[in-house]
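On the provided structure of chain A, position chain B as indicated by the hints.
So the protein lines, in turn, are chains A and B.
First residue of the first sequence? That's 114 in our numbering, and the numbers climb one at a time after it.
First residue of the second sequence? That's 114 in our numbering, and the numbers climb one at a time after it.
Keep in mind that the hints were calculated from the coordinates and are not lab data.
Please note that a few of the clues may not be correct.
Each pair may be met inside one copy or between any two copies, as identical chains are not told apart.
[As the list claims (entries may be wrong)] In silico DSSO-like pairs for lysine-lysine, Cα to Cα no more than 27 Å straight-line: (1) Lys-344 <-> Lys-204; (2) Lys-375 <-> Lys-341; (3) Lys-340 <-> Lys-138; (4) Lys-345 <-> Lys-322; (5) Lys-205 <-> Lys-223; (6) Lys-216 <-> Lys-205; (7) Lys-373 <-> Lys-223; (8) Lys-345 <-> Lys-205; (9) Lys-161 <-> Lys-308; (10) Lys-344 <-> Lys-322; (11) Lys-182 <-> Lys-157; (12) Lys-398 <-> Lys-247; (13) Lys-280 <-> Lys-398; (14) Lys-182 <-> Lys-204.
No experiment lies behind these values; they were computed from the predicted model shown.
Protein chains: 2
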Amino acid sequence: MSKTFLVTGCAGFIGSNLVDYLLEKNYKIIGLDNLSTGNKFFLKNALKHKNFKFHKIDLLRNNIEKYFKNIDRVYHLAANADVRFGLNHRKKDINQNIIVTYKVLEAIKKNQVQKIIFSSTGSVYGESNQIPTKENTFFPIQTSLYGASKVSAEAIISAYSEAFNIKSYIFRFVSILGERYTHGHVFDFIKNLKKNNNMLKVLGDGNQKKSYLHIKDCIEAIEIAIKKFDKKVNILNLGTQEYLNVKGSIKIICKHLKLKPKILYSGGRRGWIGDSPFIYLDTKKIRSTGWRPKYNIKESVKITAKYLIDNQWLLKRKN
Amino acid sequence: MSKTFLVTGCAGFIGSNLVDYLLEKNYKIIGLDNLSTGNKFFLKNALKHKNFKFHKIDLLRNNIEKYFKNIDRVYHLAANADVRFGLNHRKKDINQNIIVTYKVLEAIKKNQVQKIIFSSTGSVYGESNQIPTKENTFFPIQTSLYGASKVSAEAIISAYSEAFNIKSYIFRFVSILGERYTHGHVFDFIKNLKKNNNMLKVLGDGNQKKSYLHIKDCIEAIEIAIKKFDKKVNILNLGTQEYLNVKGSIKIICKHLKLKPKILYSGGRRGWIGDSPFIYLDTKKIRSTGWRPKYNIKESVKITAKYLIDNQWLLKRKN
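Only chain A is shown next, with the shape it has when bound in the complex (with noise of 0.2 Å):
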């Protein structure tokens, strides 16, 4: 018989891609999401699939519990993924990325599901001076409420995995890119040049250096990571050995949109507080099975372009 997955967060980003790949791989899968940014168009294919099920529900506010039975895994990927605004609605990184996972993390003790997959964030280090940022780097200080929300959950899964035999696996991911991205700056740059093709905002100085993965080597490290890794807490940093300024980013977008704006720098090396100007992850632990990148950077962000030019009903969206 084959194992069922469960996959909060379904209806997002990293979700329906990973729901896609995982039913593709003959798993069952249950899928919860709130629709509040996740999206109900990226479940088009996994909604006509005979193990996809799926549930509308409020992880915050709903009893969860119920869904958790006879699950062989968790993928927890529902969170509050804007790090950018997260100091303008605090009590939405506290909720939604602390609350939510401590409510997941009781239904799988209740259901005594063995395995939990987490995504967290490069963010977790802060403003690291250990760069690449390897794993077990220095204590960080959080300079950002994102990043503080993702290091509590990180340490709530780790405490209940050294109490209930539950074992976990933590991804820190750098900016993810590809089909069904739906925020973050490739997004706001394409939707302010179909605003106005003569001129750009950037915050920053557009020197921020930034790391970046396709969405499909993302899942497939995930589930490398999986079969490879047997701790109680696996932490592992996905992302590439490379990364990109924002300057750069701007240039691909740009020949891509086949635009020459006038780019207007807000100025400072952080965009917004809590920016890290430098994310650049150690992936030595990730490579170590083996596992490679196929997309390098410019071609994510040149597909990421390109899917939202050719999905412009997203860029109207409010989230």
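Only chain B this time, still in chain A's reference frame:
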């Protein structure tokens, strides 16, 4: 005009000692406590003082913002301080240590309080492989829910500091001993020996090595650190340059009680899930200020034993 400080958890072990200390220095003090584990008896002297105002409120459930008006510093000490039974009442750590800290930070932000002092713990280092453990040691993996909840609170405090011009002082304590000590293994041992003179059951193999600091040394270290350090986020270990194993503290206690009980060890390196077999913190940072502890560990254990024998009503309390 003398400054006004707010102390959460003012009726607890550390809180009430701090209140007495600060009143002696002529500060005005607002004290908040829900008296769930705190004890009004500890505020006996403070309550007679014209500069002390006590409010029995529940930080989790009540609206707390009004108490933070015109406050110069907040000492946020209110917490679920029970590391050992954290796994039995998991929601307590989440609510009392994470959500309450978030609420305190919101109140601080809205009232533009400029400083927060926070009582964290050496437990945030989990089972460190660096001993003595430095503040910027390796990114730890949490082994207890108590440690996880404190590392979460630290992270959220740091993010608020970064964003909202709030200076934070985060102190990672070893076990604190001294007058008004009401939980931890010295308490448990004396309580059990008072019930049964002939036998003492001990969790673990008795070789767990722990560090201790006397409450008076702890408070002086806090006050010196606030004067000497001035970053946005200041993180300091507080402890002595010694440690003592559980067998050693039993010896001191039994000698003080003039008892020779049979000692039964449950066995294992850890006394309970999430117990760290060796806690010993690097204290170079606080010592760089010139601060030195006045009490050594053996004196602290003795003073604590004497205090509990003189105040046996405390042994009968549930907490």
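We went through each hint and held it up to the structure:
1. Lys-344 <-> Lys-204: between (33 Å within a copy, 26 Å between copies)
2. Lys-375 <-> Lys-341: For Lys-375 and Lys-341, neither the intra-copy (48 Å) nor the inter-copy (48 Å) Cα distance is at most 27 Å.
3. Lys-340 <-> Lys-138: within (14 Å within a copy, 60 Å between copies)
4. Lys-345 <-> Lys-322: between (33 Å within a copy, 24 Å between copies)
5. Lys-205 <-> Lys-223: both (26 Å within a copy, 18 Å between copies)
6. Lys-216 <-> Lys-205: Answer is both: 15 Å inside a copy and 13 Å across each meet the 27 Å cutoff.
7. Lys-373 <-> Lys-223: Close neither inside one copy (57 Å) nor across copies (44 Å); limit 27 Å.
8. Lys-345 <-> Lys-205: For Lys-345 and Lys-205, only the inter-copy Cα distance (24 Å) is at most 27 Å; the intra-copy one is 29 Å.
9. Lys-161 <-> Lys-308: neither (35 Å within a copy, 67 Å between copies)
10. Lys-344 <-> Lys-322: Between copies only: 26 Å across, 32 Å inside.
11. Lys-182 <-> Lys-157: This pair counts as within: shortest intra-copy Cα distance 25 Å, inter-copy 53 Å.
12. Lys-398 <-> Lys-247: both (9 Å within a copy, 25 Å between copies)
13. Lys-280 <-> Lys-398: Result: close within a single copy only, 18 Å intra versus 36 Å inter.
14. Lys-182 <-> Lys-204: between (30 Å within a copy, 22 Å between copies)
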